[in-house]
Amino acid sequence: MKGDSGAPPARPRSPESAASVPPPTGATLLSVEDLTVALPAGGALRPAVDRVSLAVAAGESLALVGESGSGKTQLLRAIVGLSPEGARVSGRVRLGGRDLRSLPESAWGSVRGGDIGTVFQEPASALDPVRTIGAQLDEALALHAPGGRRARRAKAIEALGAVSFPDPESGLEAYPHRLSGGLRQRACLAIALASGPRLLLADEPTASLDATVALEILELLGRLRRERGMAVLLVTHDLAAVARHADRVVVLYAGRVVEESRPEELARGAAHPYTRGLWRSAPRLEASPSAERRYETIPGYLADLSARRPGGCAFAPRCPERFAPCQTREPALYAVDGGRARCFLHEPAAGAPA
Amino acid sequence: MSAAGPLLEAEGLTKGYTVPTRFFAGASRILPALRGVSFSIGPSETLGLVGESGSGKTTAGRIVARLLSPDGGSLRLDGENWLALSGAALRRRRRDVQIVFQDPLASLNPRLSAGAQVAEPLRVHALAAKSDIAENVRRLLGDVGLPEETALRFPHELSGGQRQRVAIARALATQPRLVVCDEPVSALDVSIAAQIVNLLLDLQERRGVSYLFISHDLAVVSRVATRVAVLYLGAVVEEGPAGALVARPLHPYTAALVASASTAPRPDWRPKPGPPPSPLDPPPGCSFHPRCPIARERCAREAPPLAETGSGRRVACFYPGEMG
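Each protein sequence line maps, in turn, to chains C and S. Just so you know, we're using this note's numbering here: the first sequence kicks off at 1 and counts up by one. Just so you know, we're using this note's numbering here: the second sequence kicks off at 1001 and counts up by one.
Bound-form chain C, shown alone (with noise of 0.2 Å):
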């Protein structure tokens, strides 16, 4: 495998069922199969995401877990198809059955903005700083609802109230740099919702916001997607805020899905060995304090796009339970109670992948 990096990375190099797992309940809404995103690195092409393939049911909350260079921010690009220069991108990205991956550029404005809306974790930044919050959400409005400037007006001023924005009215009138930055989270959302999206793009939403302003706002986005049926994919390294917001949980690693779970098997004790030792050394409050105060950690960390070299496990190098086979192949996902795990612990007796 040493000799392969110039190689086209959609390649797949393991047997494996590209076919996404279908979610559990509902229709399936988002559907990304087999999709690597390879970024120059080193001197080659290097797949920073890594024939992922993971599915959004209609109004479901998906997590996408993973730590700086697991490829959550470039999964999330190339679905509404923002990778940047210099990427190759292979694979499929169906929304509702639409295959967005052949989209020409004339097309998205329908979906960016449209049928998915996107939030991000510094909302100072997805704002203009010089137009008022009113001016930017009139600019969703008029993009997606018909009607007068009058008409819209009044829809902005229900769009703030919607995401509890104190006093909408004077709120359409302040300019982002006034507002705290949970109000701005708020506005961001409101714009973001204005066009009735079916799927809602989350990237660490609440990554910038206080403790208590970011419970809030997590609550507030489990409310909006059960009035609304909306599904929301939830990029995120907080797991305190996926054991209770999400419905099922995706666990990145260099690229690769290494877990698919739900959030009350983390508590339980996850599948894969990274996962296991996200969790444990995760800051969260216990309900009886131990005496050791020193975290169970996961040692080394994860080499640069440039420094990874393909074969083995990815995670082997830092992984407290590796063995012989975890040098030289990579693991499938193998099923395992709750979910699928990426890890030859998993691997059933008969060496077949499940």
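Hints are computed from structural coordinates only; laboratory data are not their basis. Here the structure is a predicted model, which means the values were calculated and not measured. Fair warning: there could be bad hints in the mix.
Unchecked claim - Not close to chain S: a few residues of chain C, all C-beta gaps over 12 Å, as computed: (1) Ala-57; (2) Ala-58; (3) Gly-66; (4) Leu-82; (5) Glu-85; (6) Ala-87; (7) Gly-113; (8) Ala-126; (9) Thr-132; (10) Gly-148; (11) Glu-219; (12) His-237; (13) Thr-297.
Unchecked claim - Which stretches of chain S does chain C cover? Using the computed rule of at least three CB atoms under 8 Å from a CB of chain C, they are: (14) 1029-1041; (15) 1215-1221; (16) 1254-1260.
Glycine is no exception: its CB is placed at the ideal position from the N, C-alpha and C atoms.
With chain C fixed as given, assemble chain S onto it according to the hints.
Then chain S, alone, in the frame of chain C:
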């Protein structure tokens, strides 16, 4: 070292910032960042200072590290008036109190190798003979879990976790009595943050250093700190042993922080929805009362004092522990 007394004692610290008011050039107001904050830190102890943005926690840390001067209040280091020192006397004693910041990329000098960063305080404070500096640097890097060759690398060549280790090694170079850690793991990935927390705990055990550990994250603070002080809009609203404070918060705001940081999907107690008040305009009476679900009439009129409740706990609430 003085016998049993606290290493650091802060009493009634106040600090206001002048901020321009909207649209009118020249007009300005005072933002009260600290409104009479008191705390103490014992030898080999960690005081966790937890609070959200605008709580004044960073201001408090910088005052302790003598990077900022308070408007009022007193600060004693080993019984000595830490605020009275200036000039050469202050420079000499700075080695006793060091600081580690959130973003090592911003706090490290981009043009100095990791080794040179760690060597700098040794030179400035003349803590090692020229011929011993390299050996000292090697040992300090080893203490923070970095291999020798890291000395030759520049900040941009290191990972976030490695950079924070270099910043910690630099802070430890002067053998400080107290290290102010201002959000030291907030910019790091979960698995790396846990490694840094463990490192800080190890170093404390080996060297007996005290920490003022500042963070917005109660989960981390309660893990690292022996005692925790909760700041809200420039005032301590609750203080006590970490375990007890988390297990049974007495102040409604502490209870809200506990609810936010907990993973358990249970019907939690939380503040009333709505934006936190502006630090420019702290509400009258108890500054938490507009968000407090158990606030009564008295809370809007009168500010509750920070009062002892026994078992080493203090709380500024007229109805402590009543939010269930």
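Checked hints:
1. Ala-57: holds, 20 Å
2. Ala-58: Nearest chain S Cβ is 23 Å from Ala-58/C, so the label holds.
3. Gly-66: violated, 9 Å
4. Leu-82: holds, 24 Å
5. Glu-85: holds, 23 Å
6. Ala-87: The claim holds: Ala-87/C sits with its nearest Cβ about 23 Å from chain S, beyond 12 Å.
7. Gly-113: The claim holds: Gly-113/C sits with its nearest Cβ about 26 Å from chain S, beyond 12 Å.
8. Ala-126: holds, 18 Å
9. Thr-132: Non-interface label on Thr-132/C holds, nearest chain S Cβ at 14 Å vs cutoff 12 Å.
10. Gly-148: Its Cβ never comes within 12 Å of chain S, the nearest being 31 Å, so this holds.
11. Glu-219: Glu-219/C is in fact no farther than 12 Å from some Cβ atom of chain S, at 9 Å.
12. His-237: For His-237/C, whose nearest Cβ neighbour in chain S is about 5 Å away, the distance does not exceed 12 Å, so it is violated.
13. Thr-297: Incorrect as stated: the minimum Cβ-Cβ distance to chain S is 5 Å, not above 12 Å.
14. 1029-1041: Since 0 is below three, the answer is violated.
15. 1215-1221: holds (count 5)
16. 1254-1260: holds (count 5)
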